[in-house]
Every structure is written in C-alpha cells, then in structure tokens.
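Keeping the supplied structure of chain A fixed, place chain B upon it in accordance with the hints.
Those sequence lines, one after another, are chains A and B.
Counted the way this note's numbering counts, the first sequence spans residues 1 to 231.
Counted the way this note's numbering counts, the second sequence spans residues 1 to 84.
Read the hints as simulated data drawn from the structure, not as lab findings.
The reader is advised that the hints may include incorrect statements.
[To be verified] Derived coverage of chain A by chain B (criterion: at least 3 residues anywhere in the stretch with Cβ under 8 Å from a Cβ of chain B; other residues may be distant):
1) 54-61
2) 94-102
3) 145-156
[Stated by the list, open to error] So these bits of chain B aren't anywhere near chain A, every CB distance computed over 10 Å:
4) D52
5) Q56
6) E63
7) P78
[To be verified] Some chain B residues close to chain A (C-beta under 8 Å, calculated; not the full set):
8) P16
9) Q17
10) A20
11) L65
12) N68
13) N70
14) V71
Even glycine gets a Cβ: it sits at the ideal position worked out from N, Cα and C.
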Amino acid sequence: MKWGVLIFPGTNRERDAVDVLERLFGQKVRKVWHTERDLSGLDAVMLPGGFSYGDYLRCGAIARFSPVMDELIRFAASGKTVFAVCNGFQILTEAGLLPGTLLRNTNLRFINALQPLRIEYNDSRFTRRAEPGQVITVPIAHNEGNYFLPPDGLKRLEDRGGVLFRYCTPNGEVIGEGNPNGSVNNIAGVVNEAGNVLGMMPHPENACDPVIGRTDGRVLFESMIGQLVAA
Amino acid sequence: MMIVVEVMPKQGILDPQGQAVRHALHQLGYTGVNQVQVGKRIVLEMETGDADAALQEAREMAEKLLHNENVERYRVLPADGADE
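The shape of chain B in the complex, shown without the other chains:
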C-alpha cells in the first residue's frame, strides 16, 4: 500500500524557499499570499496491506531518517491512491 510522509519546516524556522516562492507569487500579482511554506512529500510503496503497520513503520522511518526534528515536523498518512 502507499503511504505519504509529509515533511515541513517547523513554524518559526527560516524557510528561505518559501520566502522566495512568496516573493515570486507577489511579482505575478498574487499579492494576497501572506506566507508560503515549501516542504517535501515522500511517497512510500510498501509491501504490507496492513494500514496500521504501514503507518507505524513509516513513522519509524520519519524519526530515523526522513525528517530532522531540529528543524522539521512531519505527518504520515495513507495515500488515497488517486494521485500517486
């Protein structure tokens, strides 16, 4: 089954990519955009069909490797399959 790990900069952590994208959006006329955050979406195709087990394992992976707790937060969720 497919699991998504979404990794985002923690609130308050400087996100220069987000700032650059916001700047570009403003230049395109989207001046109503107050803040942009740029993160990562990591899609795991896993052997198991057990959603709980897959989510638990994905959390372990996020803790060990996929995110850096100093500067990032993450969440794991089942992919709906439609867009992965």
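Chain A extracted, bound-state conformation:
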C-alpha cells in the first residue's frame, strides 16, 4: 500500500509514523505537507500526533483549515483509509469527519502512560486481524483526550457501532477505574459511518517494534495492510 503521512506545523510524531510504516511494515510512504493539495496515488492516509498550530484556540481547530484538508475530506469520501491518532484525531473531529470533541483530561494533567484498550469488534478494516474484546496495551500521551459527545449524539454513535476502542482495565473491564482521562463511555477511538475513517487518542504506532518491548499495536497495522508481517 502507498501511504501519505500528513504533517502540519507543530506535528511531531510523523517520524514514528513513517518509521513504523516503512521499516516495520514495508509500506511506501509519502510525507505530505499541509499546504499540498494532492493526495492522488495514495491508498491510505495517516494523521500523526503532535501539537498542530501549538494547539492554539482548540486542539486541531486551525489545522482543520489547512489547504490539504479539502482534499482529505474528498479522499475520505472516496472510501479510502484514513487513520488518525492523537492530535490527528482532534483535527478530524474539528473537521467534522468524526463526531465528538476532545476536552481536557479531567485530572488536568498531561497523561503519558501505558493504557489497556478493549477492541470492541473486528468487523472493521482497522481491527479485522484482532479478536472481538481483545485487550491491547499501547501508550497514551495527551492533555486533551477526554472524549465528549452530547447524549443524543452519543446514542447515535453507540447505536451504529461507531466506538471501536474503549479504555479498560488490564482485564478488559470497561469501568471508571480503567478510564484515564474522563472520556464518556470510556471511548478511546471512533470510526465514521462508512467505516473507513478511524480516530483514536492512543498511539498504536508506538507499540509495534519488538525492540521497544511492546507489539500490541501491530494488529491495527496488519489489519489495515491486510497481512501479517513478521516482527
């Protein structure tokens, strides 16, 4: 597959994204600066984490109007894969590609930790190589990861199965104790109605290289790429 990795001023996780895609999964990668307007030839786009535009105004609010975003919205509408982590997720909610808003963590702290996530289902291009209910542990690193939707929007999201990942305890229990940031219904990652756009606060790309000692994030990439890749 050929991937684009979007880079905005203030994005800082793009090297991790490119390294994982190229070196660990043998993908072709094109880095796409936010002023570009051409995503042709790409099969998938990843929006990495960081602090686009210094998180000024609201996280992702300014990046959402970068020139590349019009093309990204068309790219998403065409059904191709869009995979956004952390600040990328925040940008997609601001752009309206995904529902919800990421508020400040309820404990008012930047949280940098290993976090268990429950994969809700595997009928998805992002998790097809996982087991439903499988618990993976990957890093989180954010200050605004507190997912919020008003009750009516939340019901619509839940009813259509839009929640793909939930924060949980190491045993997979989706309870308050396993919720690091106050997200409603322990929501860690959501997909759009068409199922081709995923946004999540955790960083599966930082749990792929065996050298780091943690490979739970690989299942997402193997699902998206559609094949197992030897670690």
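Only chain B this time, still in chain A's reference frame:
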C-alpha cells in the same frame, strides 16, 4: 472597530479549568464561590466602521472557527474601547 467574541463552555459541560480555579479560590478563603467558568475573550480589530456588518461577520467567524458548538457557546459584542 473593535469586536469582542466571548467563548464559554456550555452549561453542563465539564469545565476542569473552572473547577481548578474554584478549588484555588476556596483555598485562598473565598469559600463563597459556588462555581467558576473559564472561557476565552477574542478581540477583533476590524476595518469596517459599520457595527452591524462587523458583528455579523464576527458571528460568521465564531460559527466557522472561533467556537466549537459541541461544547461551547459564544456571543459577539462591540468592545467599548476603554479596556481593549
């Protein structure tokens, strides 16, 4: 002319900054403070001298960029000029 866009968390939306400030005020002895909301005040210096046009344009800006309707409310008002 100067226009102020005031952006506040919607009622009922968790406002952790407001909670933290309230906690600090209580520690300082201001225990009569029941609730604190922390918002943003965005001041626009605009070319036009037409207040209605400026306010209308500021509303458009608030809808598009300056506020997030999911969690925030806003109002636009002319700045009185004295403190801007």
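Task: Interface hint compliance - B/P16 to chain A, C-beta minimum distance less than 8 Å - done: holds, 5 Å
Task: Assertion that B/E63 lies outside the chain A interface [Cβ separation over 10 Å] - done: Non-interface label on B/E63 holds, nearest chain A Cβ at 13 Å vs cutoff 10 Å.
Task: Given hint B/L65 near chain A, where the shortest CB pair must fall under 8 Å - done: Given a least distance of 6 Å, the restraint on B/L65 holds.
Open item on the list: Minimum C-beta separation from B/Q56 to chain A exceeding 10 Å: can you confirm that?
Closed with: holds, 20 Å
Task: Agreement of hint B/A20 with chain A interface, Cβ distance less than 8 Å - done: holds, 6 Å
Open item on the list: Would the hint on B/V71 be counted as holding, given a Cβ-Cβ threshold of 8 Å to chain A?
Closed with: holds, 5 Å
Task: chain B over the stretch 145-156 of chain A, status - at least 3 residues with CB closer than 8 Å - done: holds (count 5)
TODO: Closer than 8 Å between Cβ atoms is the bar; does B/N68 clear it against chain A? Give me holds or violated.
DONE: holds, 6 Å
Open item on the list: Can you verify the interface hint for B/N70: is its Cβ closer than 8 Å to any Cβ in chain A?
Closed with: holds, 4 Å
Task: Three-residue Cβ test at 8 Å for the coverage of the stretch 94-102 of chain A by chain B - done: holds (count 3)
- [ ] Quick one: work out the minimum CB distance from B/D52 to chain A and report holds if it exceeds 10 Å, violated otherwise.
- [x] Holds, because the least Cβ-Cβ distance between B/D52 and chain A comes to about 26 Å, which exceeds 10 Å.
- [ ] Say whether it holds or is violated: B/P78 keeps its Cβ farther than 10 Å from all Cβ of chain A.
- [x] holds, 22 Å
The structure shown violates none of the earlier numbered hints.
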